[in-house]
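Novice: Whenever a hint applies, use it, and build me the whole structure from the sequences.
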Amino acid sequence: MTGDPRRGDYLEPDNDPSDDNRQSHGTAVTGIINATFNNNAGISSVAPGCKVLVMRAFDAEGYGEEDDVANAILYGISNGVRIFNFSFGDYIFSNLLRDVIRFAYSKNVKDHVRSSKQA
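My numbering puts the sequence shown at residues 3 to 121.
Everything labelled a hint here was simulated from the structure, so no lab data went into it.
Certain hints may be false.
[Stated by the list, open to error] Okay, derived cross-link-like pairs now, SDA-like style, lysine to any residue, Cα gap no bigger than 25 Å in a straight line:
| # | residue 1 | residue 2 |
| --- | --- | --- |
| 1 | Lys-109 | Val-54 |
| 2 | Lys-112 | Gly-64 |
| 3 | Lys-112 | Leu-76 |
| 4 | Lys-109 | Ala-49 |
| 5 | Lys-112 | Ala-49 |
| 6 | Lys-53 | Phe-90 |
| 7 | Lys-53 | Tyr-107 |
| 8 | Lys-112 | Ser-96 |
| 9 | Lys-112 | Gly-91 |
| 10 | Lys-109 | Gly-91 |
| 11 | Lys-112 | Ile-35 |
| 12 | Lys-112 | Phe-90 |
| 13 | Lys-112 | Phe-88 |
| 14 | Lys-53 | Thr-38 |
| 15 | Lys-53 | Ala-37 |
| 16 | Lys-109 | Asn-36 |
| 17 | Lys-112 | Ile-79 |
| 18 | Lys-112 | Gly-82 |
| 19 | Lys-112 | Gly-51 |
| 20 | Lys-112 | Asn-87 |
| 21 | Lys-109 | Asn-73 |
| 22 | Lys-53 | Phe-39 |
| 23 | Lys-112 | Gly-33 |
Note that the structure is a prediction, hence the values are computed from the model and not measured.
Specialist: Shown next, in the form of structure tokens:
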């Protein structure tokens, strides 16, 4: 990611991406990716010192719309994100998300995708 870390909220106009999901999955994953090294908590991260762009596209119940996810991905690409972490899925195929992810690949963006939270 280039420049200062930014954040985005694609659900509410307050631009506050704080994780209000009861499971706080996004917050936990971000901690694994970017926890502070030597933090006296007995943990470290897989990428200490990396910049993280926090974006929220799912509500407190864990539901999200494909256009919110697509807009978050496009915002990330336009702000220099090189790796996305996705841990969501759907039973319905999305042409929109397929096209946005293909566009991301064309910009040499990588992703880490988990097929299902139930898997």
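Novice: Look at each hint and say if it fits the structure.
Specialist: Hint-by-hint comparison with the structure:
no.: 1; hint: Lys-109 with Val-54; in the structure: holds (18 Å)
no.: 2; hint: Lys-112 with Gly-64; in the structure: holds (24 Å)
no.: 3; hint: Lys-112 with Leu-76; in the structure: holds (13 Å)
no.: 4; hint: Lys-109 with Ala-49; in the structure: holds (22 Å)
no.: 5; hint: Lys-112 with Ala-49; in the structure: holds (15 Å)
no.: 6; hint: Lys-53 with Phe-90; in the structure: holds (22 Å)
no.: 7; hint: Lys-53 with Tyr-107; in the structure: holds (20 Å)
no.: 8; hint: Lys-112 with Ser-96; in the structure: holds (19 Å)
no.: 9; hint: Lys-112 with Gly-91; in the structure: holds (17 Å)
no.: 10; hint: Lys-109 with Gly-91; in the structure: holds (23 Å)
no.: 11; hint: Lys-112 with Ile-35; in the structure: holds (15 Å)
no.: 12; hint: Lys-112 with Phe-90; in the structure: holds (16 Å)
no.: 13; hint: Lys-112 with Phe-88; in the structure: holds (11 Å)
no.: 14; hint: Lys-53 with Thr-38; in the structure: holds (12 Å)
no.: 15; hint: Lys-53 with Ala-37; in the structure: holds (11 Å)
no.: 16; hint: Lys-109 with Asn-36; in the structure: holds (24 Å)
no.: 17; hint: Lys-112 with Ile-79; in the structure: holds (11 Å)
no.: 18; hint: Lys-112 with Gly-82; in the structure: holds (12 Å)
no.: 19; hint: Lys-112 with Gly-51; in the structure: holds (19 Å)
no.: 20; hint: Lys-112 with Asn-87; in the structure: holds (9 Å)
no.: 21; hint: Lys-109 with Asn-73; in the structure: holds (16 Å)
no.: 22; hint: Lys-53 with Phe-39; in the structure: holds (14 Å)
no.: 23; hint: Lys-112 with Gly-33; in the structure: holds (20 Å)
Of the hints listed earlier, there is not a single one the structure fails to meet.
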